[in-house]
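Number of protein chains: 4
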Amino acid sequence: MTEKLKIAVIGGDERQSGLCKLLADDGHKVFAFALERAHLSENIIQETDITRLNQKFDCAVLPIPVYADPTHLNAPLSLHEYNPDDLFAYFPSGQMIIAGKVNNSLFEKAGRNGLRLYDYLEREDFNVLNSVATAEGAIHTAMCELNYTLNGKRCLVIGYGHIGKLLCRYLYGLGVDVTASARKSGDLAWINAYGYNAVETSKIFSDLSSYDIIFNTVPKLILDEKALLSVKQDAFICDLASKPGGVDFNFAKQLGIKTIHALSLPGKYSPSSAADAMRKTIYNILDEWRN
Amino acid sequence: MTEKLKIAVIGGDERQSGLCKLLADDGHKVFAFALERAHLSENIIQETDITRLNQKFDCAVLPIPVYADPTHLNAPLSLHEYNPDDLFAYFPSGQMIIAGKVNNSLFEKAGRNGLRLYDYLEREDFNVLNSVATAEGAIHTAMCELNYTLNGKRCLVIGYGHIGKLLCRYLYGLGVDVTASARKSGDLAWINAYGYNAVETSKIFSDLSSYDIIFNTVPKLILDEKALLSVKQDAFICDLASKPGGVDFNFAKQLGIKTIHALSLPGKYSPSSAADAMRKTIYNILDEWRN
Amino acid sequence: MTEKLKIAVIGGDERQSGLCKLLADDGHKVFAFALERAHLSENIIQETDITRLNQKFDCAVLPIPVYADPTHLNAPLSLHEYNPDDLFAYFPSGQMIIAGKVNNSLFEKAGRNGLRLYDYLEREDFNVLNSVATAEGAIHTAMCELNYTLNGKRCLVIGYGHIGKLLCRYLYGLGVDVTASARKSGDLAWINAYGYNAVETSKIFSDLSSYDIIFNTVPKLILDEKALLSVKQDAFICDLASKPGGVDFNFAKQLGIKTIHALSLPGKYSPSSAADAMRKTIYNILDEWRN
Amino acid sequence: MTEKLKIAVIGGDERQSGLCKLLADDGHKVFAFALERAHLSENIIQETDITRLNQKFDCAVLPIPVYADPTHLNAPLSLHEYNPDDLFAYFPSGQMIIAGKVNNSLFEKAGRNGLRLYDYLEREDFNVLNSVATAEGAIHTAMCELNYTLNGKRCLVIGYGHIGKLLCRYLYGLGVDVTASARKSGDLAWINAYGYNAVETSKIFSDLSSYDIIFNTVPKLILDEKALLSVKQDAFICDLASKPGGVDFNFAKQLGIKTIHALSLPGKYSPSSAADAMRKTIYNILDEWRN
Numbered sequence: 126m127t128e129k130l131k132i133a134v135i136g137g138d139e140r141q142s143g144l145c146k147l148l149a150d151d152g153h154k155v156f157a158f159a160l161e162r163a164h165l166s167e168n169i170i171q172e173t174d175i176t177r178l179n180q181k182f183d184c185a186v187l188p189i190p191v192y193a194d195p196t197h198l199n200a201p202l203s204l205h206e207y208n209p210d211d212l213f214a215y216f217p218s219g220q221m222i223i224a225g226k227v228n229n230s231l232f233e234k235a236g237r238n239g240l241r242l243y244d245y246l247e248r249e250d251f252n253v254l255n256s257v258a259t260a261e262g263a264i265h266t267a268m269c270e271l272n273y274t275l276n277g278k279r280c281l282v283i284g285y286g287h288i289g290k291l292l293c294r295y296l297y298g299l300g301v302d303v304t305a306s307a308r309k310s311g312d313l314a315w316i317n318a319y320g321y322n323a324v325e326t327s328k329i330f331s332d333l334s335s336y337d338i339i340f341n342t343v344p345k346l347i348l349d350e351k352a353l354l355s356v357k358q359d360a361f362i363c364d365l366a367s368k369p370g371g372v373d374f375n376f377a378k379q380l381g382i383k384t385i386h387a388l389s390l391p392g393k394y395s396p397s398s399a400a401d402a403m404r405k406t407i408y409n410i411l412d413e414w415r416n
Numbered sequence: 126m127t128e129k130l131k132i133a134v135i136g137g138d139e140r141q142s143g144l145c146k147l148l149a150d151d152g153h154k155v156f157a158f159a160l161e162r163a164h165l166s167e168n169i170i171q172e173t174d175i176t177r178l179n180q181k182f183d184c185a186v187l188p189i190p191v192y193a194d195p196t197h198l199n200a201p202l203s204l205h206e207y208n209p210d211d212l213f214a215y216f217p218s219g220q221m222i223i224a225g226k227v228n229n230s231l232f233e234k235a236g237r238n239g240l241r242l243y244d245y246l247e248r249e250d251f252n253v254l255n256s257v258a259t260a261e262g263a264i265h266t267a268m269c270e271l272n273y274t275l276n277g278k279r280c281l282v283i284g285y286g287h288i289g290k291l292l293c294r295y296l297y298g299l300g301v302d303v304t305a306s307a308r309k310s311g312d313l314a315w316i317n318a319y320g321y322n323a324v325e326t327s328k329i330f331s332d333l334s335s336y337d338i339i340f341n342t343v344p345k346l347i348l349d350e351k352a353l354l355s356v357k358q359d360a361f362i363c364d365l366a367s368k369p370g371g372v373d374f375n376f377a378k379q380l381g382i383k384t385i386h387a388l389s390l391p392g393k394y395s396p397s398s399a400a401d402a403m404r405k406t407i408y409n410i411l412d413e414w415r416n
Numbered sequence: 126m127t128e129k130l131k132i133a134v135i136g137g138d139e140r141q142s143g144l145c146k147l148l149a150d151d152g153h154k155v156f157a158f159a160l161e162r163a164h165l166s167e168n169i170i171q172e173t174d175i176t177r178l179n180q181k182f183d184c185a186v187l188p189i190p191v192y193a194d195p196t197h198l199n200a201p202l203s204l205h206e207y208n209p210d211d212l213f214a215y216f217p218s219g220q221m222i223i224a225g226k227v228n229n230s231l232f233e234k235a236g237r238n239g240l241r242l243y244d245y246l247e248r249e250d251f252n253v254l255n256s257v258a259t260a261e262g263a264i265h266t267a268m269c270e271l272n273y274t275l276n277g278k279r280c281l282v283i284g285y286g287h288i289g290k291l292l293c294r295y296l297y298g299l300g301v302d303v304t305a306s307a308r309k310s311g312d313l314a315w316i317n318a319y320g321y322n323a324v325e326t327s328k329i330f331s332d333l334s335s336y337d338i339i340f341n342t343v344p345k346l347i348l349d350e351k352a353l354l355s356v357k358q359d360a361f362i363c364d365l366a367s368k369p370g371g372v373d374f375n376f377a378k379q380l381g382i383k384t385i386h387a388l389s390l391p392g393k394y395s396p397s398s399a400a401d402a403m404r405k406t407i408y409n410i411l412d413e414w415r416n
Numbered sequence: 126m127t128e129k130l131k132i133a134v135i136g137g138d139e140r141q142s143g144l145c146k147l148l149a150d151d152g153h154k155v156f157a158f159a160l161e162r163a164h165l166s167e168n169i170i171q172e173t174d175i176t177r178l179n180q181k182f183d184c185a186v187l188p189i190p191v192y193a194d195p196t197h198l199n200a201p202l203s204l205h206e207y208n209p210d211d212l213f214a215y216f217p218s219g220q221m222i223i224a225g226k227v228n229n230s231l232f233e234k235a236g237r238n239g240l241r242l243y244d245y246l247e248r249e250d251f252n253v254l255n256s257v258a259t260a261e262g263a264i265h266t267a268m269c270e271l272n273y274t275l276n277g278k279r280c281l282v283i284g285y286g287h288i289g290k291l292l293c294r295y296l297y298g299l300g301v302d303v304t305a306s307a308r309k310s311g312d313l314a315w316i317n318a319y320g321y322n323a324v325e326t327s328k329i330f331s332d333l334s335s336y337d338i339i340f341n342t343v344p345k346l347i348l349d350e351k352a353l354l355s356v357k358q359d360a361f362i363c364d365l366a367s368k369p370g371g372v373d374f375n376f377a378k379q380l381g382i383k384t385i386h387a388l389s390l391p392g393k394y395s396p397s398s399a400a401d402a403m404r405k406t407i408y409n410i411l412d413e414w415r416n
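Protein chains in written order, with the numbering used here: chain A, 126 to 416; chain B, 126 to 416; chain C, 126 to 416; chain D, 126 to 416.
Hints were generated in silico from the structure; no laboratory data involved.
You may find that some hints are simply not true.
All copies of an identical chain are treated as equivalent in the list; a pair is satisfied when it fits inside any one copy or across any two copies.
To be verified - Dumping the calculated DSS-like pairs for lysine-lysine here, alpha-carbon to alpha-carbon at most 25 angstroms:
{"no.": "1", "residue 1": "Lys-393", "residue 2": "Lys-383"}
{"no.": "2", "residue 1": "Lys-378", "residue 2": "Lys-146"}
{"no.": "3", "residue 1": "Lys-234", "residue 2": "Lys-131"}
{"no.": "4", "residue 1": "Lys-393", "residue 2": "Lys-146"}
{"no.": "5", "residue 1": "Lys-181", "residue 2": "Lys-146"}
{"no.": "6", "residue 1": "Lys-129", "residue 2": "Lys-309"}
{"no.": "7", "residue 1": "Lys-146", "residue 2": "Lys-383"}
{"no.": "8", "residue 1": "Lys-309", "residue 2": "Lys-226"}
Generate coordinates for the entire structure from the input sequences, incorporating the hints supplied.
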């Protein structure tokens with residue numbers, strides 16, 4: 126991205142203000158809206174008048190998620206409250222907009238107003254970058270919780286989606302004995318091809334007692350009461366699946382098994398990389414649109 | 126696959142006769158059709174009467190590809206010639222059949238006769254197993270052609286599909302300096318996440334002279350005259366893309382650049398694994414169908 | 126170690142009391158001396174009379190380091206104070222003893238009394254296990270300090286001894302771009318053979334500005350004022366070398382470069398593995414002595 | 126090595142003539158002695174008068190091994206025969222000389238004449254470069270002999286010296302299930318730290334039947350009759366140990382177990398890297414001597 130652009134960054138938390146800095150460091154002209162309480166460097170233009178969104182920007186960047194609740198923009202660093210739907214009325218026709226967790230109604234509004242709206246979460250590049258941060262964050266979480274080294278331990282990763290793939294890769298790289306589970310025969314073939322042990326998810330239960338560490342990435346109750354009874358008492362379970370997760374946490378507690386439900390790791394573990402993932406995705410979208 | 130099955134293996138080359146052995150070793154009752162000239166062990170039943178396909182088998186296994194030409198079964202080890210369409214007339218209704226490179230007309234025939242027909246090539250598990258063999262075979266090919274070690278060399282893998290992914294993984298594992306190219310931003314993010322260097326395919330040309338070894342996996346003319354002029358004269362190019370491949374072989378020859386168009390590696394490099402890939406895929410299909 | 130032994134564990138901190146538990150879990154008969162304030166399980170015999178060391182044990186285990194100061198046993202969990210030299214008077218002739226950081230005078234005493242005394246720190250097995258914990262602990266330290274992912278970052282490891290070797294291996298496994306420095310041409314060859322970038326330690330200075338993260342393992346002032354002036358201001362330096370370390374910490378602070386002097390990582394990062402390393406080394410010594 | 130040097134290359138086979146080319150390509154002035162039948166490019170000076178060795182060269186390079194037999198220089202590409210001892214009479218005092226497999230008498234001669242003589246084989250850098258080529262060559266050998274992929278196979282590497290270390294590393298990188306054996310507890314700790322399975326060499330026999338591929342690197346009869354009886358009949362054994370090797374080849378043949386005694390792999394598998402290893406070692410020696 127050598128060309129210098131004019132970019133509006135609107136609302137969001139520290140990641141979004143970090144994004145302002147990254148974009149400005151790359152030489153772009155950055156206008157910050159609904160970020161009045163963020164500490165921004167001088168080369169970033171703090172906009173106080175929201176109607177100024179009616180200028181044509183090369184890109185307008187809304188937060189992830191764009192909504193704090195059904196009617197409000199996610200803008201914890203702002204002094205004001207906005208409804209994303211209202212903001213869309215200011216954008217000039219053809220404006221390119223990026224946001225996270227866009228709902229149907231907002232896409233509809235964009236369509237009606239002739240705006241080009243993209244959702245980060247529908248982008249493979251963004252999802253991969255996020256998964257890198259989640260996988261590393263999961264390893265960091267385990268390192269913090271455990272009083273022994275990961276090297277040489279037996280570890281099960283349940284689910285071989287984006288996060289599962291990278292978690293296996295990085296654990297293997299630390300000299301961990303990695304087993305990954307998946308339901309599909311194609312995923313099991315990939316697991317073996319990469320050199321890990323493979324087990325069908327429906328068959329993990331017969332061997333659960335052999336693992337020192339279990340990471341779950343599947344948003345479905347996998348480690349239920351029956352399964353937990355097979356887990357070693359001094360094992361550690363790290364659940365990465367979105368709420369309610371895949372572990373019966375109460376029963377695990379009764380059994381004295383240490384568990385953690387680690388959510389939103391990218392923002393917590395590596396906020397700077399999270400901002401960088403937004404930056405890269407914005408550039409990729411702009412590149413693709415031009416070619 | 127602990128249950129003992131009754132399986133018909135029909136036509137094909139050494140891989141298919143190897144499959145007979147693997148299935149029989151697993152304890153299944155194997156009937157070989159159109160394999161009269163294959164050397165089969167005694168526990169495999171050589172069938173000479175093709176109409177005996179009218180029995181109900183747990184699975185009927187046709188070769189990859191099923192057709193040798195538009196009207197003939199691929200059956201180089203048979204004493205007779207068959208048309209796959211005709212064979213389908215013998216199968217009882219509901220027969221499960223597996224074959225490779227099935228065309229529309231054969232699928233239609235299967236549909237009309239109430240047969241359950243699967244194509245290996247539409248199966249992710251089979252494709253991954255095949256890609257493992259192709260990636261390893263590509264490394265073997267390079268090792269045979271080159272008079273230096275791969276370790277420490279700079280290597281470009283063009284295309285990050287199944288084969289590209291595994292080739293990168295294995296080269297990296299040999300201590301090669303791996304760069305992978307892809308067109309999509311999502312693939313580029315994956316490449317980085319796995320620790321390789323990433324470059325957009327359209328931008329490989331500026332840096333082509335830095336590679337000692339180039340593997341192409343994209344079935345499109347990528348290394349054309351202009352590109353080849355940037356390649357080091359003592360570089361080695363291994364094209365894995367199906368015919369006509371992605372390299373201007375004539376021009377490369379004129380320039381004195383060593384090239385190889387390595388096709389059908391799984392069958393050539395590791396016929397035993399190729400037979401095993403068929404076996405595993407058959408079991409997976411049977412398993413999925415039962416569950 | 127299937128045979129059941131009689132082992133005395135004498136003094137030391139939580140690692141030593143952890144060792145008592147591990148040994149008892151393996152079925153050995155464990156006698157704890159100078160560990161009165163440790164919380165030990167019931168199957169461990171708390172000895173209050175130090176003269177009871179005059180029994181013949183299969184092994185007597187002293188702490189690492191054995192001395193708290195020139196005249197006192199390292200025994201923070203004891204109610205009493207002892208001089209290691211005095212303890213040696215109780216041991217019967219031929220007693221096998223293991224301790225850490227044994228000085229010449231203690232070795233001399235052992236020799237004179239006919240005791241077989243081993244120092245953990247002179248054992249390759251113990252040093253490797255310790256280095257695993259140090260390398261993982263160093264990665265954990267970086268993960269805690271940094272607000273971005275390690276994956277994809279450029280990292281320099283100064284020194285290719287035990288810790289350097291494993292740190293490179295694990296960073297590489299996380300998809301980090303790893304450069305290792307060493308002085309000897311043989312080490313540089315090893316570094317390349319394992320797939321990392323190699324640079325002679327005396328030549329790191331020309332390229333210091335390209336690293337995001339620098340780990341030092343060499344106990345010599347390497348990153349002095351001049352060198353630090355080439356380091357990126359937002360780089361992170363993690364010094365693993367024993368005091369005074371290899372970094373001019375004050376000058377780094379003036380430059381605003383984030384540094385950490387991470388010492389005694391095994392005990393802090395993974396005390397349970399530290400106890401396990403002691404256990405494994407004891408078994409190895411006993412095994413070797415019998416064969 | 127930016128400085129341009131004057132180098133004499135004396136005797137040897139294709140590797141030594143390859144070395145002439147590499148040195149000349151680097152810009153050095155190369156004089157070839159006892160290489161009359163080698164096809165050398167024009168920028169290399171073919172010397173026919175051996176007494177011209179009396180000039181002062183920056184380095185005089187003799188072959189590996191230096192002796193063809195107890196009285197003759199290893200010089201298959203020469204038209205004449207020489208005794209290395211005689212050659213030493215020509216060198217001026219202080220001449221730096223590099224050769225392979227130097228015996229005591231030659232070292233003595235060098236000492237008496239004031240020559241600085243180095244043996245490649247006593248250099249760690251050269252040994253590592255050689256081991257890279259041996260380890261890759263061993264994998265190449267297995268790939269050539271086997272009709273299945275290495276990925277996913279169970280493999281035992283006997284001995285964890287230079288070659289064992291790199292063979293484990295590269296096999297692991299190909300997704301092989303790697304077990305390494307060693308005698309010393311320190312090596313076993315290293316094996317685990319790198320993520321491979323470890324087994325004491327004296328205990329490999331109980332589990333030999335579980336391996337698909339066995340590489341031996343220990344120059345001692347390990348796989349004797351008794352051991353071979355435990356090896357799978359369709360396993361492959363690749364012996365890398367110098368003659369007579371570590372396998373009872375006759376008995377293996379009787380059992381129908383496929384074996385290969387793969388010797389001198391660097392020269393056979395990657396002659397160009399073998400020449401490059403000589404070049405790098407020469408530069409390293411020159412560098413060290415100046416500093």
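Checked hints:
Taking identical chains as interchangeable, the C-alpha atoms of Lys-393 and Lys-383 lie at most 25 angstroms apart whether they share a chain (21 angstroms) or sit on different chains (20 angstroms). Within a single copy, Lys-378 and Lys-146 get their C-alpha atoms only as close as 43 angstroms, which misses the 25 angstroms cut-off; across copies the closest is 23 angstroms, which meets it. In this homomeric assembly, Lys-234 and Lys-131 come within 25 angstroms of each other (Cα to Cα) only inside a single copy, at 23 angstroms, whereas the closest approach across copies is 60 angstroms. Proximity of Lys-393 and Lys-146 under a CA criterion of 25 angstroms is satisfied intra-copy only: 19 angstroms inside one chain copy versus 36 angstroms between copies.
Only within a single protomer do Lys-181 and Lys-146 lie at most 25 angstroms apart by alpha-carbon distance; the minimum there is 21 angstroms, versus 62 angstroms between protomers. Taking the shortest Cα distances, Lys-129 and Lys-309 sit within 25 angstroms of each other only across copies (23 angstroms), while inside one copy they are farther apart (46 angstroms). Taking the closest pair of Cα atoms, Lys-146 and Lys-383 come within 25 angstroms of each other only across two copies (20 angstroms); inside a single copy the shortest separation is 39 angstroms, beyond that limit. Only between protomers do Lys-309 and Lys-226 lie at most 25 angstroms apart by alpha-carbon distance; the minimum there is 22 angstroms, versus 28 angstroms within a single protomer.
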